Amino acid sequence: MLEARKVSLRLGAKSILRDVDFKAEPGQITVLLGRNGSGKTSLMRCLAQTQTRWSGEILIEGQPLRKLDAKTRAQRIALMPQVLPRPPITVRTLTAFGRQPYLGMSGRLSEADEQRVDSALKQAAIAGHAEDLVCHCSGGERQLAYFSLLLAQDTPVVLLDEPTASLDMEYRQVVYALLRQMKAAGKTVVLILHELADALELADQVCVMDRGEMVFTGTASAFLSSRIPQSIFGVCPKTVRDENGSEYILFAPLDQTK
Amino acid sequence: MKSMQKRFLLPFLFLLLIGLGFCGLILGSARFSFEEVRAALGSGGDPMIRLIVLQLRLPRVVGAMLAGCGLAVSGLLLQSATGNDLCSPNIIGVNSGAGLAVMVMLCLFPMAFAGLPLAAFAGALATTLLVLGISVSAGGHQSRSTVLLAGVAVSSLFSAGISFLSQLFPDALASYSAFSVGGFSGVKPADLTLPSLIILGGVAVAWILAPQLNLLCLGDEIAASLGVRVKALRLISLILASALCAAVVTYAGLLGFVGLIVPHLARRLVGHDLRILVPVSALTGANLVVLSDLAGRTLFSPAELPAGIFLAMLGAPFFLLILYQRRGRYA
Chain A
1 MLEARKVSLR LGAKSILRDV DFKAEPGQIT VLLGRNGSGK TSLMRCLAQT QTRWSGEILI
61 EGQPLRKLDA KTRAQRIALM PQVLPRPPIT VRTLTAFGRQ PYLGMSGRLS EADEQRVDSA
121 LKQAAIAGHA EDLVCHCSGG ERQLAYFSLL LAQDTPVVLL DEPTASLDME YRQVVYALLR
181 QMKAAGKTVV LILHELADAL ELADQVCVMD RGEMVFTGTA SAFLSSRIPQ SIFGVCPKTV
241 RDENGSEYIL FAPLDQTK
Chain B
259 MKSMQKRFLL PFLFLLLIGL GFCGLILGSA RFSFEEVRAA LGSGGDPMIR LIVLQLRLPR
319 VVGAMLAGCG LAVSGLLLQS ATGNDLCSPN IIGVNSGAGL AVMVMLCLFP MAFAGLPLAA
379 FAGALATTLL VLGISVSAGG HQSRSTVLLA GVAVSSLFSA GISFLSQLFP DALASYSAFS
439 VGGFSGVKPA DLTLPSLIIL GGVAVAWILA PQLNLLCLGD EIAASLGVRV KALRLISLIL
499 ASALCAAVVT YAGLLGFVGL IVPHLARRLV GHDLRILVPV SALTGANLVV LSDLAGRTLF
559 SPAELPAGIF LAMLGAPFFL LILYQRRGRY A
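Chain order of the listed sequences is A and B.
Just so you know, the first sequence maps onto residues 1 to 258 in the working numbering.
Just so you know, the second sequence maps onto residues 259 to 589 in the working numbering.
Honestly, the hints are just simulated from the structure, not real lab data.
Relax, there's no trap hidden among the hints.
Which residues of chain A face chain B? A partial, calculated answer using Cβ under 7 Å:
1) A74
2) P81
3) Q100
Dumping the calculated BS3-like pairs for lysine-lysine here, alpha-carbon to alpha-carbon at most 27 Å:
4) A:K6 - A:K67
5) A:K183 - A:K23
6) A:K14 - B:K489
7) A:K183 - A:K122
8) A:K71 - B:K489
9) A:K6 - A:K71
10) B:K489 - A:K67
Small disclaimer: the values here were computed from a predicted structure and weren't measured.
Don't be surprised by glycine CBs; every beta carbon is placed ideally from N, CA and C.
Chain A extracted, bound-state conformation (with noise of 0.2 Å):
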């Protein structure tokens, strides 16, 4: 479990977090949705630790955040940033960056690292990548070896931000199956989303910021029943049904809703 007890950020003269609550649980997708600038990515940074200079209480598993060593730490949470290097290394070698939190100062995988290695090229479908440099790979191909990256990492608490920004309809449906996966392993997993009607589909908890502050927590059916996608988002929900009885929610902007 990830939990943030009033955490406030100040970059210089700029209030970017005020006295943020939240809490993520296990075995649950937790969807972090909110215009550009209002705070989620400064919010993942703080819970994963790699921006430092927050105010408040996080705890992970109820131990405190700031009391854990880095080495600990990244055996707890592992992120996902939005933009993802290209470096001139193997897909496999990129998916064995992952064992490093768990490995002595000689860096060497074991035999067990080594098959956790390749259980996680495959189960994000990259193992037929493995030997590709990742320089060279296509958005999606780049995308799914960072996953890789993530299952051999193995960590409770799994943190995305945008990690279908770049991708196709496609490549965003093996996505969605890798975090239901994750989600089926027990892990905690929170992630950024700008697609509306797909956040709804994937969370079990969705949360909204605004200007700094969380402004909603609840259920997908709470949020549609909420006035938050017109306040914040400036659309409407609609729910169409096709023909063989399926429900869709669909989001028109207000003013052609008017």
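With chain A held as given, fit chain B onto it using these hints.
Here is chain B on its own, set in the frame of chain A:
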């Protein structure tokens, strides 16, 4: 390069270094036979040959090996820590800092040649600390680009300082020129004691840091989430790189290009894993500098050219070749 070939690369480079080192003992203005050198390295042989081999050529060869190791690993550390493969000790101002300190010494104490190595070492380290200080206050942290930009600015300022002093004190210029080209003529065993400890210790520490340094290519956020203390690692790497370079500068002067080209050459041979890159760079650098020194004192014998000139003649075209081959590779 295939993994089988990689496995044999380190022993090959080591044997090549031994072979080049032996050539360095045999060849020179007076040429000796293999047997004569072997006898001199033992306890027998002609006393004159023994004197030349042990007191003149051996320190020179060992000095060249250590300089190649130190500069190559220094460049590798800088390139890894800043994420910029065009970074080298020259770029972050280590060389110009050492140069300015030497120039100041030559102007203030023209006869104090014994103090020059210490001045060079102090200048190089002080410059690194200054560059880090500026980058911290300017960028709020030791980010990649702020360190580089601060280095370029400080380097330009110190180069201007050297030019300014050379105008005011033209007599100091001749001594400074020899220092700025770099070479191993006149290196004595005592000159190598402290630098050898720093260089061998520094290369060992770089190898220990290699698994963590490998992760910096993923960017600061992912590296931190994998357990790397990014700022501390970057700071240690920069200080270590400067110490390695400063240790070389104390006895070999300002040798250019080794820190820039050797890491590139090593990457082409073994890829980007620093666990293997550190030893391969160290041995490749040692081979390159010993070869340059050997060429400098044999090709135009009895005249002798400093190793620094040969390194620049080899290094500049090689580097341009790399730049042309890289075109569009990571686009």
